[in-house]
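**Q** Sequence:
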Amino acid sequence: MSNTATISIIDDDESVRIALDGLLRSHGYRVRTYAGALDFLSSCELKSTACLISDIQMPGMTGIQMYDRLSTLGIHIPIIFITGYPGVPPRVSAGAPEPVAFFPKPFDCAELIACIESVLARPS
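End of the sequence shown sits at 124 in full-length UniProt numbering; the numbers just go up one at a time, nothing left out.
You may find that some hints are simply not true.
[Claimed, not checked] Straight-line Cα separation of at most 25 Å, SDA-like style, residue types lysine to any residue; simulated pairs:
1) K47 to V16
2) K105 to R30
3) K105 to D13
4) K47 to P78
5) K105 to T83
6) K47 to E98
It should be emphasised that the hints constitute simulated quantities derived from the structure, not laboratory data.
With the hints as constraints, model all of the structure from the sequences given.
**A** Next comes the structure, spelled out in structure tokens:
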């Protein structure tokens, strides 16, 4: 499969970033990785990212806070949250679109790829 969509991965765990980078590149995606939410927010990839995969719990700014900030800026990127913490997923701000999915770590790679493909198949 060849896909030129850019997927941005935000996770403070380097091993998760490396694993997801390899997985997504093997499916033909362009991938950008960031160690934290603030790194992504200060990047020039905000407008070119077709889908975000973000950890929820990270130092400095959580994935939820980052998503709320993007929404406040009028940037609506489909997001898939991944988390190592069990339980009910946290809520995003009222004005933000609902996240596409929440995946507990460890997650099924085929399910993640199917979720991404579903997101990218939606009309913009």
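**Q** Hey, K47 versus V16, does the alpha-carbon distance stay inside 25 Å?
**A** holds, 24 Å
**Q** Would you mind confirming whether the straight-line C-alpha gap from K47 to E98 stays at or under 25 Å?
**A** The given pair, whose Cα atoms are some 19 Å apart, holds under the 25 Å limit.
**Q** Would the hint linking K105 and D13 be met if the CA-CA limit is 25 Å?
**A** Distance ~12 Å between K105 and D13 Cα, so the pair holds.
**Q** Do the alpha carbons of K105 and T83 lie within 25 Å of each other, as the hint requires?
**A** holds, 6 Å
**Q** Starting from K105, check that the Cα of R30 is at most 25 Å away, please.
**A** holds, 23 Å
**Q** Tell me if the straight-line CA distance from K47 to P78 falls inside 25 Å.
**A** holds, 12 Å
Checked against the numbered hints above, the structure violates none of them.
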